[in-house]
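There are 2 protein chains.
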Amino acid sequence: MNPKAVVLLSGGLDSATALAVAIDEGFDAFALSFFYGQRHQVELDAASRVAKILGAKQHKVLTLDMRPIGGSALTGNLAVPKDRPHDQLSSGIPITYVPARNTVFLSCALAWAEVLESFDIFIGVNALDYSGYPDCRPEFVRSFEQTANLATKACVEGRGAMKIHAPLMHLTKSQIIRLGLGLGVDYSLTHSCYDPLPNGKACGHCDSCILRSKGFAEAGLADPAA
Amino acid sequence: MNPKAVVLLSGGLDSATALAVAIDEGFDAFALSFFYGQRHQVELDAASRVAKILGAKQHKVLTLDMRPIGGSALTGNLAVPKDRPHDQLSSGIPITYVPARNTVFLSCALAWAEVLESFDIFIGVNALDYSGYPDCRPEFVRSFEQTANLATKACVEGRGAMKIHAPLMHLTKSQIIRLGLGLGVDYSLTHSCYDPLPNGKACGHCDSCILRSKGFAEAGLADPAA
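Chains A and B are the protein sequences, given in the same order.
As numbered in this note's numbering, the first sequence has no gaps in its residue numbers, which increase by one up to the final residue, 226.
As numbered in this note's numbering, the second sequence has no gaps in its residue numbers, which increase by one up to the final residue, 226.
The shape of chain A in the complex, shown without the other chains (with noise of 0.2 Å):
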């Protein structure tokens, strides 16, 4: 029987690499998606059908909406910004940022690890593209670890330690890209996009989908999303 793990899955490009990068280490992958009050649908469909494509043994979409407490465009009336130039994209902490987004990601994710009697966490943060986002780095992922292992039931009897992958941590996008798709990852089912068109199609214009165009473009190869 392969170990299970718990994967943090939105259904974008970094997501569905760490699934499959899971899957690739011999996991029964358990996929966790979140209604948190996204202004789009578009990537929990997208994660709905990564799930099923890449393996999955079950995925789940938690609803946690977080927009009550606001602060965020990508749960509030913020504008989405777009067209900003590469060099900004990595230069303070975007308003795309979500209030303590991953702490509460990897919170339900540790939940559900510990009804499954599982040790094993992926999420696919990266310190590169994203270098904003202080819930994104290396000592943050270390750091939650460590919490996960004081608060729960398994770990205090002693039965395993929490461990929270984040095997795409040092990778630029160009390099998860081609790492996905040695792993059978086919990226025109993921969407990257934070303000998606009234058809679900990408803007092409916000950060995300600025560096998702980097990445193809640095990879030589051309988004099949696009």
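Some clues are possibly wrong.
Repeated chains share a single entry, so a pair holds when one copy, or any two copies, can fit it.
Cross-link-like lysine to aspartate or glutamate pairs, in silico, DMTMM-like; alpha carbons within 25 Å at most [claimed, not checked]:
id, residue 1, residue 2
1, Lys4, Asp223
2, Lys163, Asp223
3, Lys163, Glu139
4, Lys201, Asp45
5, Lys163, Glu145
6, Lys153, Asp83
7, Lys52, Glu145
8, Lys57, Asp24
9, Lys163, Asp24
10, Lys153, Asp195
11, Lys4, Asp65
12, Lys52, Glu25
13, Lys201, Asp65
14, Lys214, Glu145
15, Lys60, Glu139
16, Lys214, Glu117
17, Lys214, Asp186
18, Lys201, Glu139
Just so you know, the hints here were simulated from the structure itself, not pulled from any lab data.
Given chain A, work out where chain B should sit, using these hints.
Positioned in the frame of chain A, the structure of chain B alone reads:
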């Protein structure tokens, strides 16, 4: 202007006392409750009354439905244990434990604190009466505080350090009751029962009812909600 604090408020005896402590210490209190799939809404009604009477500046209820991941008598179909002897209440981890609940709740409190530009979170956890819950121990709270300081925009930008206050950590239930009475808490408004009767009254037989009743008895008082 007073500093702001986010206070986790379940509507029970402990969190009502933690709210009173936060206000007594000079904070403007922003109370946060959850609909997490609990069996009853009685405790959310209690939270709302307590927040209002004690003078919280705001009270928000976030929806975070933990039922899809299961694993607890408080959110699933497992029976809530009744009439357990006192000496069993603190041995082992009860099935009323909700997986990773305090990690999840503190993460959401952190998100709101970030939006409010607050650096203080209060949680009414207690290591004595609830020693069976791993996420009620001081080492867990300290570790979460470290993680919070790495997770948030304001901390990374050097605007402050996040502090997790657990003012009830080392108090017995009767000490908590005396502390709260001294601060004007009306415990008739609070609700502690895990499995209330159809009329909303406490069952009197679950672990939480037994601990509450023991606390009032040891304080030499009658429970005004009984």
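Is it within, between, both, or neither for Lys163 and Asp24, if the alpha carbons may be no more than 25 Å apart?
-> For Lys163 and Asp24, the Cα distance is within 25 Å only inside one copy (17 Å; across copies 40 Å).
Check your understanding: Is it within, between, both, or neither for Lys153 and Asp83, if the alpha carbons may be no more than 25 Å apart?
Key -> between (47 Å within a copy, 23 Å between copies)
- Check Lys201 against Glu139 for me: Cα-Cα at most 25 Å, and say if that holds within a copy, between copies, both or neither. neither (35 Å within a copy, 47 Å between copies)
**Message:** Checking an output row: Lys52 and Glu25, CA cutoff 25 Å. Within, between, both or neither?
**Reply:** within (18 Å within a copy, 52 Å between copies)
Status of Asp195 relative to Lys153 across identical chains (alpha carbons, at most 25 Å):
between (40 Å within a copy, 23 Å between copies)
Handout entry: Identical-chain pair category, Lys60 with Glu139, by Cα at 25 Å
Key = Neither. Shortest intra-copy (28 Å) and inter-copy (31 Å) distances fail the 25 Å Cα cut-off.
As a check of your reading, is Lys57 near Asp24 (CA-CA no more than 25 Å) within one copy, between copies, both or neither?
For Lys57 and Asp24, the Cα distance is within 25 Å only inside one copy (14 Å; across copies 50 Å).
Please sort Lys52 with Glu145 into within, between, both or neither, judging by C-alpha distance up to 25 Å. Answer is neither; intra-copy 28 Å and inter-copy 37 Å both fail.
Check Lys163 against Asp223 for me: Cα-Cα at most 25 Å, and say if that holds within a copy, between copies, both or neither. Answer is neither; intra-copy 32 Å and inter-copy 44 Å both fail.
Within a copy, between copies, both or neither: which one fits Lys201 and Asp45 at a CA-CA cutoff of 25 Å?
For Lys201 and Asp45, the Cα distance is within 25 Å only inside one copy (12 Å; across copies 43 Å).
### Message
Reference check for the pair Lys163 and Glu145, CA-CA at most 25 Å: within, between, both, or neither?
### Response
both (6 Å within a copy, 19 Å between copies)
- Between Lys201 and Asp65, at a C-alpha cutoff of 25 Å, which is it: within one copy, between copies, both, or neither? within (24 Å within a copy, 30 Å between copies)
Against the hints set out earlier in the document, violations occur for numbers 1, 2, 7, 14, 15, 16 and 18.
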